[in-house]
Amino acid sequence: MVIAIKEDSDIPIYLQIRNQIVQGIAQGKLLPGEHLPPVRALAEEIGINFMTVNKAYQLLKQEGYLISDRRKGARIREEFPLAGGLSAETFELLKQIVSEAQLRGVSAGEFCELCTKMYEEPGTVPRTK
Amino acid sequence: MTVSIIIGVSLYPVVLIMYFWMCWLAKADNGYCFGAVLPAQRKDEPEIAGIRKEFRRRMNVWLAVFLVLPVGAFFIPYISVSMTIWMTWLLFAIFSPLALFVGANRKVLRWKQEQGLAGTEPGISYTELKAAGRVRLVRPLPFLAALAAGFLPPLGAAFGFWKTAGSFPGFLEPLLWTIAALGFLFWGAAFWMDRLKTEVISMDSSVNLNYARAKKRIWKNMWLVILWMNTGWNGLLVLLAEAGRDPMAALLITSVLYSILTIAAVVFALVKVFRLNGRYRKERTLQEADSSDACWIGGLIYYNKKDRHVMVEQRAGGGSTLNMATPAGMGITLFSCLMLLCIPVMCVWMLLDEFTPIHLTVAEQTVEARHLKTDYEIPLSGITDVSVIEELPEWTKVNGTAMDGLEKGTFEIWHEGKCKVFLNPQNHLFLKLTTDDGVYYVGGYDDAETRQVYEALTAP
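Protein chains in written order, with numbering that gives the first Met the number 0: chain R, 0 to 128; chain U, 0 to 459.
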């Protein structure tokens, strides 16, 4: 799975990493139970401070995408807890995207079609409980 | 003349290596052209072909000039002058083709600007998540085995295991230790290259991982082969000494052989990397942003403050290079520049050494040997025997200077031991002074000066 870091982006690097790992899980590029590289190894590979990667991993852990222990390191959860909806942050983000779509003249139908397409993109969506 | 021929034969291959390497870089097909990003669909543009052709034409002229330039050095009788010419030639032979490369890089960038390909979009750096810390091919055991084997010859010499160890010429044992220690350098280089960031050439992880493994395997094997060759060199030196061969001749022949084989190993690895790039040409679907060209000065020097990597893959050449924006990268570069500066300093020193006359005088109850400074002060009370000799013994320099017109320093007469030397071997009269400190072979500016000192020493 390739992580693309935009150096001049307004989105902080830790969030870029977090977002792309979530996308990777959703698209089946990262499978349930798969191990993620150690924080230092990933930081060295990207060429950033290890604290940045650590922050991204902590966030993913808080959100329930990762589990980690001292011996085995971080890995993708086998099963994701059914939250019954989006997190508050994601809901805010979606509100912003919908507003932008409205302003750009994208109809509700077109928007839903776009969302459906994204949902049906090739890749395995991990099982939920 | 002989020394000049040896230097010439050793250095001439540099021109050929630089020529073939540069011509190879000119036609490299790895997503870059002279170190600038070039999309695959634009690589056959006539302007790009023109820049490549012009570069090759210039390299042909360069080759002709640099093959002819140092010929005069073969006929210069002064080693310091001849050496200065060779060293100046060597520096230009290494750096001038790089200047031509930089010129070609600028032309490509200008063309990209004209075509609107210069790129202002923010740089994106791609990282293969699954490769982080996982593509490591340098295992300690094979390297440790080669390194340990390299230390056997000097250890054998130190503990008197070799039957000739006691009569080794003075330079041999430290040389064996030095060669063995070189192994750490090769292991370090292998380790460092193994930790280079995995190049991301595709969105497909398996392509990236296979490409990275194949490439790192080539470099790992190259360093391991070089390390074993280093070990072999040490072993060969001891074997030749055991066989009773002249150690100086053995050193000369084995070092030439070692240099040729090392170059061959590097060239072989580069050929394999280029072939690998060729095999992965179709899979290479991901390219750096055009704006990243700004981080590559002249397409050769990498300077990116936002990248914490000290070493990165080279755009041109297939190896790796330093990120000059990191303190380590800057430090290593400064150190290398200082080392390069040593070459002209060494040439000036050699010129002074060769053209400053030597003088031998007796004053204030001491024999004083003066050259650039006072080299030796031998108290008359310490001299037990003085004799005039007309023929010098066969000796090898341990340290100091050995030129056609000057021999100075510590020398070793094989099977006899070390002695101090201060003379011009072109003269005909020399003094052998046996002292409490050892034996001195000395001489004056000319035979008259030597005789004058002899008379002063033997006067009642």
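It is possible that part of the hints are untrue.
[As the list claims (entries may be wrong)] No farther apart than 25 Å at their CA atoms in a straight line, the calculated lysine-lysine pairs in the DSS-like style are these:
{"#": "1", "chain 1": "U", "residue 1": "Lys431", "chain 2": "R", "residue 2": "Lys60"}
{"#": "2", "chain 1": "R", "residue 1": "Lys28", "chain 2": "U", "residue 2": "Lys129"}
{"#": "3", "chain 1": "U", "residue 1": "Lys129", "chain 2": "R", "residue 2": "Lys71"}
{"#": "4", "chain 1": "U", "residue 1": "Lys431", "chain 2": "R", "residue 2": "Lys5"}
{"#": "5", "chain 1": "U", "residue 1": "Lys304", "chain 2": "R", "residue 2": "Lys5"}
{"#": "6", "chain 1": "R", "residue 1": "Lys28", "chain 2": "U", "residue 2": "Lys304"}
{"#": "7", "chain 1": "U", "residue 1": "Lys305", "chain 2": "U", "residue 2": "Lys129"}
{"#": "8", "chain 1": "R", "residue 1": "Lys54", "chain 2": "U", "residue 2": "Lys396"}
{"#": "9", "chain 1": "U", "residue 1": "Lys26", "chain 2": "R", "residue 2": "Lys5"}
{"#": "10", "chain 1": "R", "residue 1": "Lys54", "chain 2": "U", "residue 2": "Lys305"}
Derived from the structure by calculation, the hints contain no laboratory data.
Verification of the supplied hints:
1. U:Lys431 with R:Lys60: Violated, at about 84 Å.
2. R:Lys28 with U:Lys129: Holds, because 10 Å separates the two Cα atoms, which is no more than 25 Å.
3. U:Lys129 with R:Lys71: Given pair Lys129 (chain U), Lys71 (chain R) holds - Cα atoms ~16 Å apart, limit 25 Å.
4. U:Lys431 with R:Lys5: violated, 76 Å
5. U:Lys304 with R:Lys5: Given that 25 Å is the threshold and the Cα spacing comes to 15 Å, the pair holds.
6. R:Lys28 with U:Lys304: Violated: Lys28 (chain R) and Lys304 (chain U) sit about 31 Å apart, past 25 Å.
7. U:Lys305 with U:Lys129: holds, 23 Å
8. R:Lys54 with U:Lys396: Between Lys54 (chain R) and Lys396 (chain U) the Cα gap is close to 63 Å, so the pair fails against 25 Å, i.e. violated.
9. U:Lys26 with R:Lys5: violated, 31 Å
10. R:Lys54 with U:Lys305: It holds: about 19 Å lies between the C-alpha atoms, which stays within 25 Å.
Violated hints, in rising order: 1, 4, 6, 8 and 9; the structure is consistent with all others.
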